[in-house]
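Asker: Below are the chains, spelled out letter by letter.
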Amino acid sequence: MDTPAFNAIEVRELVKNYGDLRAVDNVSFAIPRGSVTAILGGNGAGKTTTIALIMGLVLPTSGAISVLGRDMLTERYSVLARMNFESPYVDMPHRLSVRQNLRVFGMLYGVTGLDRRIDDLAAMLDLNALLDRETGQLSAGQKTRVALAKALINAPEILLLDEPTASLDPDTADWIRSHLERYARERGATILLASHNMPEVERLCEDVIMMKAGRIVDRGAPQALIARYGRANLEEVFLDVARGRGHAAGDEAEAEARP
Amino acid sequence: MTGESVPLSPSSARRIAAMVLRYWYLLRTSWPRLIELVYWPMVQMVMWGFLQLHLADNVGLAARLGGAFIGAMLLWDILLRGQIGFSISFLEEMWARNIGNLMMSPLRPAEFITALMVMSIIRLAIGFVPVTIFAIMFFGFNVWHLGLALAVFFANLILTSWALGMFVCGLVLRNGLGAENLVWSLTFVLLPLACVYYPVSALPDWLQYVAWALPPTYVFEGMREILLNAVFRGDLMVQALVLNAVYFAFGAFAYLRMLTAARHRGSLLQVGE
Numbered sequence: 000m001d002t003p004a005f006n007a008i009e010v011r012e013l014v015k016n017y018g019d020l021r022a023v024d025n026v027s028f029a030i031p032r033g034s035v036t037a038i039l040g041g042n043g044a045g046k047t048t049t050i051a052l053i054m055g056l057v058l059p060t061s062g063a064i065s066v067l068g069r070d071m072l073t074e075r076y077s078v079l080a081r082m083n084f085e086s087p088y089v090d091m092p093h094r095l096s097v098r099q100n101l102r103v104f105g106m107l108y109g110v111t112g113l114d115r116r117i118d119d120l121a122a123m124l125d126l127n128a129l130l131d132r133e134t135g136q137l138s139a140g141q142k143t144r145v146a147l148a149k150a151l152i153n154a155p156e157i158l159l160l161d162e163p164t165a166s167l168d169p170d171t172a173d174w175i176r177s178h179l180e181r182y183a184r185e186r187g188a189t190i191l192l193a194s195h196n197m198p199e200v201e202r203l204c205e206d207v208i209m210m211k212a213g214r215i216v217d218r219g220a221p222q223a224l225i226a227r228y229g230r231a232n233l234e235e236v237f238l239d240v241a242r243g244r245g246h247a248a249g250d251e252a253e254a255e256a257r258p
Numbered sequence: 000m001t002g003e004s005v006p007l008s009p010s011s012a013r014r015i016a017a018m019v020l021r022y023w024y025l026l027r028t029s030w031p032r033l034i035e036l037v038y039w040p041m042v043q044m045v046m047w048g049f050l051q052l053h054l055a056d057n058v059g060l061a062a063r064l065g066g067a068f069i070g071a072m073l074l075w076d077i078l079l080r081g082q083i084g085f086s087i088s089f090l091e092e093m094w095a096r097n098i099g100n101l102m103m104s105p106l107r108p109a110e111f112i113t114a115l116m117v118m119s120i121i122r123l124a125i126g127f128v129p130v131t132i133f134a135i136m137f138f139g140f141n142v143w144h145l146g147l148a149l150a151v152f153f154a155n156l157i158l159t160s161w162a163l164g165m166f167v168c169g170l171v172l173r174n175g176l177g178a179e180n181l182v183w184s185l186t187f188v189l190l191p192l193a194c195v196y197y198p199v200s201a202l203p204d205w206l207q208y209v210a211w212a213l214p215p216t217y218v219f220e221g222m223r224e225i226l227l228n229a230v231f232r233g234d235l236m237v238q239a240l241v242l243n244a245v246y247f248a249f250g251a252f253a254y255l256r257m258l259t260a261a262r263h264r265g266s267l268l269q270v271g272e
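So the sequence lines, in the order shown, correspond to chains A and B. If you read the first sequence in numbering that gives the first Met the number 0, its first letter stands for residue 0, the second for the next number, and so on. If you read the second sequence in numbering that gives the first Met the number 0, its first letter stands for residue 0, the second for the next number, and so on.
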């Protein structure tokens, strides 16, 4: 059962241990439908693991995850066709052309009118000149655009992005952000992204979850966080949180983070 | 319960076709991959063909072998190439760092495995058919004359190869590409034990029990019965089929368990050695 009233993503008391290491420590949050939310944190904060847990690529030690009202431990195949993701931890087959890759993933996701969809994405992401080139021959920026095309091939209701503009030059990164903004607005999609890039988060996101050592340490709108910490921008807030100084979020943030 | 053992759905055929198309795109544009499919079977067949000719000229008993060496080599290649064909398609995903994309797509494990099976048959056909024609032309051995028996031999050997393929792919999923060498070497453990080139009676008594626990042993014994005595042993084939059902179920179970273990360990995020 899923109705528009449901949150897009709900995570409850999520724990992930790798041996003695606790990568995600009792994390709970809810992401409303149609929102753009960032998970911010330094290296090892648990951002990527949290996203991988939501996608089902990693299984939790304990806790519950539901996406579009479905339990991701037992019903993930009923929602995977309505989600998609982009991550620097995966590539697309290098020897296949861009068009071939998009065709294969379109078929996997059950896209109807696939040729038309590929043409639309190629026009939207400026891929027309690249469609018949091998994916492995493309530059980093071009590959990111292709990865984004793959992530949008099924017009997902939920888009999970792990550092979507990492290793891109500022111009290409800005270009990608513009398309993500447009997609979220036009599709009404829910976007959850993990990022180190503070200007990106300030621009794209209406909600920020701050993680440190596997725990949520604060949460709020970018401007609210900046005001709460008395800082000029989100980067300074990030540094306060990373170095354990300034405003201690405490119970207030934990209460806010609770679904 | 992790949701991995979901049965096939009506959309499964489309997703299986997508994966077969993905491997076909790769294969048809890569001449080294195509040549590799024919190269080793051809080398093996030439070597065993000349050995058989030599024995036939010099040893009276060997003259009655009736193509048993070449036949054994061709059937062995079904087993070996079937497993490697299955596993190498899987390895392509690991090498391309594409496994995460697939695992987070709607592609079910059963569909992925089915696509790997289809590809193992396609790859096998590309290598096997030219080699059998070569065997007819140069050594006068026509494996196709086995007719229905060949189909039964093939079915049994390919089932064993898929069972081994699922097991070894599960190991690679769980342990990363450090386990890749098993893809190339695992099946060879069957070469002496499954009595490919000699009868089971040539083994020590205690080792014969091991041999009879392996489905391919029944196939190679059955092949010798046909070639040397012109008798088709249906009983051997039924026993092989029953054993194969057990091996196949174990292979699928092991693959799913190791996939779940990989998801627990987070190793799908860190594809590599």
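A few of these clues could be false.
[Said to hold, decoys possible] Ranges of calculated distance between the beta carbons of each label pair, as one might list FRET restraints:
#	chain 1	residue 1	chain 2	residue 2	range
1	A	R132	B	W94	17 to 27 Å
2	A	T73	B	A12	51 to 61 Å
3	A	R184	B	F187	40 to 50 Å
[Said to hold, decoys possible] Below 25 Å or equal to it, Euclidean Cα-Cα: the simulated SDA-like pairs (lysine to any residue) are:
#	chain 1	residue 1	chain 2	residue 2
4	A	K211	A	R181
5	A	K211	B	M93
6	A	K211	A	W174
7	A	K211	B	A150
8	A	K142	B	W23
9	A	K142	B	L20
10	A	K142	B	Y24
11	A	K142	B	M93
To be clear, the hints were calculated from the coordinates, so they are not data collected in a lab. From the three backbone atoms N, C-alpha and C, an ideal C-beta is built for every residue, glycine too.
Asker: Provide an ascending list of the numbers of those earlier hints which the structure does not satisfy.
Answerer: 2, 3, 4, 5, 6, 7
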